[in-house]
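K.L.:
Listed below, chain by chain, are the residues.
Number of protein chains: 2
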Amino acid sequence: MNPNQSITAALLVIGDEILSGRTKDVNIGATADFCTDLGIDLKEVRVISDETDEIVEALNAVRQRYTYVFTTGGIGPTHDDITADAVAKAFGVALPINDEARAMLETRWKTTGTQINEARLRMARIPEGADLIVNAVSAAPGFRIGNVHVMAGVPLIMRSMLEALAPTLQTGKKVMSETIRAAVGEGTIGGPLGALQALYPDVKMGSYPQMGTSRVMTELVLRSSNEALLREAAAKVREMVAQEHAKAGITPPD
Amino acid sequence: MNPNQSITAALLVIGDEILSGRTKDVNIGATADFCTDLGIDLKEVRVISDETDEIVEALNAVRQRYTYVFTTGGIGPTHDDITADAVAKAFGVALPINDEARAMLETRWKTTGTQINEARLRMARIPEGADLIVNAVSAAPGFRIGNVHVMAGVPLIMRSMLEALAPTLQTGKKVMSETIRAAVGEGTIGGPLGALQALYPDVKMGSYPQMGTSRVMTELVLRSSNEALLREAAAKVREMVAQEHAKAGITPPD
Chain A
6 MNPNQSITAA
16 LLVIGDEILS
26 GRTKDVNIGA
36 TADFCTDLGI
46 DLKEVRVISD
56 ETDEIVEALN
66 AVRQRYTYVF
76 TTGGIGPTHD
86 DITADAVAKA
96 FGVALPINDE
106 ARAMLETRWK
116 TTGTQINEAR
126 LRMARIPEGA
136 DLIVNAVSAA
146 PGFRIGNVHV
156 MAGVPLIMRS
166 MLEALAPTLQ
176 TGKKVMSETI
186 RAAVGEGTIG
196 GPLGALQALY
206 PDVKMGSYPQ
216 MGTSRVMTEL
226 VLRSSNEALL
236 REAAAKVREM
246 VAQEHAKAGI
256 TPPD
Chain B
6 MNPNQSITAA
16 LLVIGDEILS
26 GRTKDVNIGA
36 TADFCTDLGI
46 DLKEVRVISD
56 ETDEIVEALN
66 AVRQRYTYVF
76 TTGGIGPTHD
86 DITADAVAKA
96 FGVALPINDE
106 ARAMLETRWK
116 TTGTQINEAR
126 LRMARIPEGA
136 DLIVNAVSAA
146 PGFRIGNVHV
156 MAGVPLIMRS
166 MLEALAPTLQ
176 TGKKVMSETI
186 RAAVGEGTIG
196 GPLGALQALY
206 PDVKMGSYPQ
216 MGTSRVMTEL
226 VLRSSNEALL
236 REAAAKVREM
246 VAQEHAKAGI
256 TPPD
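So the sequences go chain by chain: A and B.
Each residue of the first sequence is one higher than the one before, starting from 6 at the first, in the numbering used here.
Each residue of the second sequence is one higher than the one before, starting from 6 at the first, in the numbering used here.
Hints were generated in silico from the structure; no laboratory data involved.
Mixed in with the good hints, there may be bad ones.
Any copy will do: because identical chains look the same in the list, a pair fits if it lies in one copy or spans two.
Below, a list of computed lysine-lysine pairs in the DSSO-like style, where the Cα atoms sit at most 30 Å apart [as the list claims (entries may be wrong)]: (1) K252 with K115; (2) K241 with K29; (3) K115 with K94; (4) K178 with K241; (5) K94 with K241; (6) K252 with K94.
None of these values were measured; they are calculated from a predicted model.
Take the sequences, apply the hints, and build the full model.
P.N.:
Put into structure tokens, the structure is as follows:
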């Protein structure tokens with residue numbers, strides 16, 4: 006870990022089922038949490054359809070731009086699983102049956118009594134030059150080629166693949182955060198918060214109104230990789246919020 | 006409605022809180038459902054950070070490409086709410102206080118006894134030439150400029166804005182779907198399903214393994230805007246699934 010390096014990432018969620026609304030994605034949130042925990046700055050997510058050209062275009066746009074690219078979806082055994090084909094095309098490499106991947110699958114299939122067939126063998130097709138990402142759940146591996154990490158779309162398998170590749174990733178400056186709850190609205194706090202943000206440009210201050218609560222609530226989230234600055238800015242924000250509470254004659258929230 | 010027209014859309018989800026994992030997005034799924042219900046083909050979603058240049062770049066990339074663009078997030082009263090600024094910049098127009106928006110806010114603020122201040126008035130800044138999108142929940146409006154529809158990020162407000170703008174949207178060919186459940190795995194069904202997909206190119210066939218079920222289950226989803234073709238293809242897929250069940254000596258699922 007280089008404590009001064011900024012490590013960035015993009016996620017491509019590949020699948021018509023997300024875009025049609027049939028499946029509600031949970032991999033974006035899981036990947037975002039994963040990146041934040043490792044000090045990797047997730048800069049962008051794209052959800053795209055199961056179309057080779059769309060995948061190639063999105064992949065080429067983001068892999069030049071960020072330290073890492075993660076993809077989820079489209080590596081199963083059916084005709085609509087075309088992620089490996091698209092990745093091979095984007096990198097200009099062949100997509101042969103990979104012996105190691107085939108062996109992983111055959112070992113699993115032996116214990117489950119599963120027949121080998123052409124559809125299942127699709128899952129052993131890995132772009133030339135790629136390393137495998139172990140799949141602890143259902144054996145069919147993901148793979149890494151260049152800075153692109155190709156994972157399954159099934160959330161349980163995707164998360165197990167993220168865990169498997171975590172030790173192989175460079176981690177960046179760890180970003181710390183402080184959350185401050187205010188019992189006044191964003192409109193009340195917006196002015197003074199903006200002034201504090203201007204004073205602390207290296208501490209990113211976000212403001213999030215809470216809906217469906219019994220009283221007005223705004224959550225202020227401060228983030229920075231500079232811990233001393235973060236603590237200092239948070240103290241100033243707390244002071245400002247206390248003043249706003251006092252002005253409004255409000256009991257502070259817990 | 007022109008029954009032969011293909012209407013496409015992209016969604017931009019704007020917000021650091023989604024990329025950090027702090028907030029788990031639900032607007033993608035809601036927008037996907039909304040589009041599918043109206044026969045609008047949601048082609049792409051991007052989640053991007055609260056940075057003006059990122060928003061402008063993404064907006065300009067997608068607004069040329071699709072019939073409609075929807076955005077969620079970044080239209081509140083605090084300094085980190087910069088979506089209106091970025092949209093005005095992308096369209097090269099000014100961002101004045103809009104009288105109609107100001108009146109909507111003032112009417113609401115009168116009933117709630119809320120003080121007008123600079124932060125709150127940020128929410129009345131609307132790009133020149135834009136129409137307002139009514140916000141039934143908290144009064145601060147969204148807006149439409151060109152083919153871009155700018156909405157709040159708070160899910161409840163976002164959904165109310167989607168409902169408000171639904172009657173203003175052109176709707177496309179309605180896509181129908183049939184779901185067929187198979188009690189065999191994707192690897193078993195992949196070959197014959199791929200053959201049927203090749204026979205019916207205008208019926209999109211997706212295959213989704215079910216995890217965490219007590220028996221192996223694959224859900225096959227067929228989609229088409231041609232109802233007769235969809236029914237015909239679905240009958241063929243059902244027949245194929247019944248054969249696979251029979252081969253494996255399996256009782257069909259409900």
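K.L.:
Where does the structure disagree with the numbered hints, that is, which hint numbers, in rising order?
P.N.:
Of the numbered hints, 3, 5, 6 do not hold.
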